[in-house]
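Starting from the given sequences, assemble the full structure and let the hints guide the process.
In case you want the letters, here they are:
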Amino acid sequence: MMAGHVLLVDDEPALVSVLEPVLKAEGCKVTVAIDGNAAISSVIAGDPDVVLLDLGLPDMDGKAVIQTIRDSSQVPIIVISARHQESEKIAALDEGADDYVNKPFEIGELMARIRAAVRRAKASEEAVAVFEAGPLKVDFTTRQVEVMGEPVKLSPKEYLLLHALARNAGKVVTHKRLLAAGWGSEGADSQYLRVYIGLLRQKVEADPSYPELVITEPGLGYRLKV
Amino acid sequence: MWPEKASDGVGMGSMAQKGRSYRLWQMLGHGAGSSWQPILILGGTAVLAIFLQPILQGEVSSGLIFVLGITIVGATSGLVPSLICALAASAVFNFFLADPVLTFRMNTGNDLAPPIIFTLCAFVSGLLSGRLRDKTSQLGKTNLQLESLLDTSRMLQAAPDIPAIQEVLKETVPGRLGFSLWLFTIGDGRARAVEQLADRQDLRELADSTLSGEAVIRDEIGVAYRLDGSRSCVGALVIQGPGDAQVDPAFLEALASLVGLAVERAQFASAIAEAEANLRAEGFKSALLSSVSHDLRTPLTTISASASSLIDYGTRLDDGTSRKLLRGIVDECDRLNRITANLLELSRLQSGGASLTGQVLSVSDVVRTVVQRARERANGHEIRVSPPGQDVLVMADTALFELALTNVIQNAIQYSEPGTTIQIDARTRDGTCLLTVTDEGCGIPIGEQDRVFDRFYRVKRDHSSPQGSGLGLAIAKGFVEAFNGSIELTSPIAGRAGTSVTIWLPLFRETAP
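If you're matching them up, the sequences are chains F and R in order. If you read the first sequence in numbering that gives the first Met the number 0, its first letter stands for residue 0, the second for the next number, and so on. If you read the second sequence in numbering that gives the first Met the number 0, its first letter stands for residue 0, the second for the next number, and so on.
Any given hint might turn out to be false.
In silico lysine-lysine, DSS-like type, Cα no more than 30 Å apart, as pairs [stated by the list, open to error]:
| hint | chain 1 | residue 1 | chain 2 | residue 2 |
| --- | --- | --- | --- | --- |
| 1 | R | LYS323 | F | LYS23 |
| 2 | F | LYS23 | F | LYS152 |
| 3 | F | LYS62 | R | LYS140 |
Among chain R residues calculated to face chain F with C-beta under 10 Å, some are [unchecked claim]:
| hint | residue |
| --- | --- |
| 4 | THR135 |
| 5 | SER136 |
| 6 | PRO248 |
| 7 | ARG296 |
| 8 | THR297 |
| 9 | SER303 |
| 10 | ILE310 |
| 11 | GLY319 |
| 12 | THR320 |
| 13 | ASP330 |
In short, the hints are calculated from the structure, not lab data. Glycine included, each C-beta is placed from N, C-alpha and C at the ideal position.
Structure below.
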């Protein structure tokens with residue numbers, strides 16, 4: 000069960016009338032905003048736990064909404080959009096969205112993303128010192144990494160990448176952000192990134208050819224599965 | 000086919016051209032009476048010299064009159080006539096004027112000098128004046144040819160397409176002189192006549208042979224010139240003279256090369272126009288695709304979310320919510336179906352009139368069918384219909400008519416509050432049927448009223464409203480225009496809010512069997 004306050008931003012009444020009762024059945028409090036301005040004022044007034052945001056809004060561009068929300072709030076934002084272009088997703092994620100769900104979606108998938116986003120937000124509030132997901136354990140204070148209880152030795156770059164992924168566990172981290180985390184520059188060659196992700200997988204994945212922890216999001220970046 | 004501008008250019012050029020072509024005709028040796036001119040001049044001077052001889056009292060003065068005549072002949076008729084005249088004058092001088100008179104016989108000594116000196120003078124002056132005249136004539140001819148080519152080039156530049164080039168050819172000097180000029184382009188590797196040749200297969204074969212063979216082929220039927228563009232051969236020009244008429248081959252060759260460049264330019268221009276049309280079609284397709292993918296995904300999202308919610312949360316949702324979700328699935332399926340119908344009809348309209356079939360339809364029947372379906376979708380709206388007094392018949396495509404009316408009514412439902420009234424009126428006026436759909440909705444801002452009929456245009460609204468595909472009214476407009484009707488929109492309606500859309504279609508008139 001997840002309880003919390005969900006801000007639903009979508010101008011499509013048919014979809015709102017589906018999501019609203021279902022989210023309520025999940026025990027959530029639901030606020031509906033039908034355009035960007037209503038969404039921004041609802042974030043300030045209502046302090047939601049998660050924002051579900053459609054990018055195609057009647058009054059302003061969804062990316063501008065993300066930008067404005069990010070100026071004042073770190074609330075998790077899950078983008079829901081029928082625009083499937085990679086560039087759109089990357090731009091939304093770079094603006095500060097936490098996750099991206101393509102339309103059409105199944106309710107289970109959306110709920111899982113909402114739960115992950117809420118959990119992540121809670122975890123970062125508590126500023127966990129240790130991250131655990133399945134066989135992987137990362138101790139952020141000692142920089143110790145363990146897989147199935149066995150310590151793993153990572154190079155500094157590999158650790159920086161794993162750190163960036165673990166801090167945003169469950170969420171897509173774009174190529175740009177990973178490059179910034181590992182090489183200190185967003186413009187670094189993404190070829191390096193591929194090589195180092197490969198090395199990281201060799202060390203943390205049970206079967207590096209079928210990664211189950213460090214998941215590729217084609218065209219966007221990588222996600223550490225929770 | 001022949002734009003105003005181009006025809007003006009040709010008209011202005013042709014005035015100057017007319018005079019020039021006549022002069023060229025003369026210079027080419029077809030001028031009447033020119034062969035008699037030297038004889039007349041020489042005869043005149045001979046008579047003058049013989050009759051004046053007693054008055055002038057001296058053969059030298061008479062000789063000078065002869066030399067004057069020869070110079071005039073040289074200056075007007077050229078080298079050869081002037082030399083012939085010199086010879087004749089020498090004989091006449093010897094016979095009539097030089098002692099002993101009336102005989103060709105020469106005395107000795109002093110008598111011998113005047114005829115010899117006269118003959119020498121006659122030949123030299125004939126030679127000089129004749130050569131000068133020939134040179135001037137040659138220069139004038141070249142000049143005329145150049146000017147004529149320049150005129151032709153100007154007209155060819157104004158020709159927008161290949162059939163226009165064929166028309167220009169008739170205005171050229173050879174064309175005006177009665178020559179037939181046949182333009183051929185290349186199609187499937189063979190010569191293809193621009194104008195209908197009827198039974199002139201021989202001309203096409205001549206053109207064909209120059210495409211693969213020599214650049215210029217002379218035949219008893221005419222001369223064929225291969226037209227070379229800057230990159231490759233673009234066609235052929237076959238010229239047929241009237242009778243044995245001749246035009247300078249160099250002139251015709253120059254003309255052929257000008258025509259070749261013009262044909263190539265016209266081909267490039269049409270290729271560019273085609274590429275631009277393709278580009279526009281591509282742009283339309285990609286706009287359509289992106290719109291379609293968005294429009295199809297929106298109802299699919301509701302369907303997918305509703306169905307998966309019913310599966311995952313079935314027991315936890317109350318009855319009312321479950322029914323609402325199921326209703327939503329049905330509604331969205333209907334919406335998908337409408338989008339599909341719109342796309343299909345749009346592609347039919349796009350492909351032109353070929354697939355549009357008109358049939359005689361009763362307006363009341365169409366309205367009844369469409370309204371019945373619309374009432375199922377109406378969200379608490381009351382749809383009122385005032386039918387026409389008698390049965391009104393129009394000629395239209397059934398599917399398109401229904402879709403156009405459905406789109407207009409759908410807009411009325413979407414953009415007005417539940418519980419309001421949508422009024423549909425059918426009337427006739429001046430041989431047309433007027434079908435008006437009026438709602439009490441939010442209306443359309445005046446600045447956007449023209450654009451709502453554009454494809455993919457959606458009115459930006461500051462409050463919640465279901466977004467349409469931006470195709471509905473575009474299709475309605477495409478439909479009425481395909482059947483010679485029109486569509487107009489009024490908003491707000493006098494006194495209150497709301498929108499009124501009127502479709503005008505010509506009434507069907509039964510023609511006598």
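Against the structure, the hints come out as follows:
1. The straight-line distance between the Cα atoms of LYS323 (chain R) and LYS23 (chain F) is roughly 15 Å, inside the 30 Å bound, and the hint therefore holds.
2. With a C-alpha separation of about 46 Å, the suggested pair LYS23 (chain F) and LYS152 (chain F) falls outside the 30 Å cut-off, and the hint is violated.
3. Between the alpha carbons of LYS62 (chain F) and LYS140 (chain R) the distance comes to roughly 76 Å, so the proposed pair goes past 30 Å and is violated.
4. For THR135 (chain R), the interface hint is violated, the least distance from its beta-carbon to any beta-carbon of chain F being 76 Å, above 10 Å.
5. Against a cut-off of 10 Å between C-beta atoms, the interface hint on SER136 (chain R) is violated, since the closest Cβ of chain F lies about 75 Å away.
6. Using the Cβ-Cβ criterion of 10 Å, the hint placing PRO248 (chain R) at the interface with chain F is not satisfied: the shortest such distance is roughly 65 Å.
7. Taking 10 Å as the C-beta cut-off, the interface hint given for ARG296 (chain R) holds, the closest approach to chain F being about 4 Å.
8. Look at THR297 (chain R): its Cβ gets to within about 6 Å of chain F, closer than 10 Å, so that hint holds up.
9. With 10 Å as the threshold, the beta carbon of SER303 (chain R) comes within range of chain F, its nearest partner Cβ sitting at about 4 Å, so the hint holds.
10. Residue-level restraint check for ILE310 (chain R) holds (minimum Cβ-Cβ distance to chain F is 8 Å; threshold 10 Å).
11. Interface hint at GLY319 (chain R): satisfied, since its Cβ lies 9 Å from the closest Cβ of chain F, which is below the 10 Å cut-off.
12. The closest approach between the C-beta of THR320 (chain R) and any C-beta of chain F is roughly 4 Å, which is under the 10 Å cut-off, so the hint is satisfied.
13. Contact between ASP330 (chain R) and chain F, as hinted, is supported at the beta carbon level, the nearest pair being about 7 Å apart and thus within 10 Å.
The earlier numbered hints that this structure contradicts are 2, 3, 4, 5, 6.
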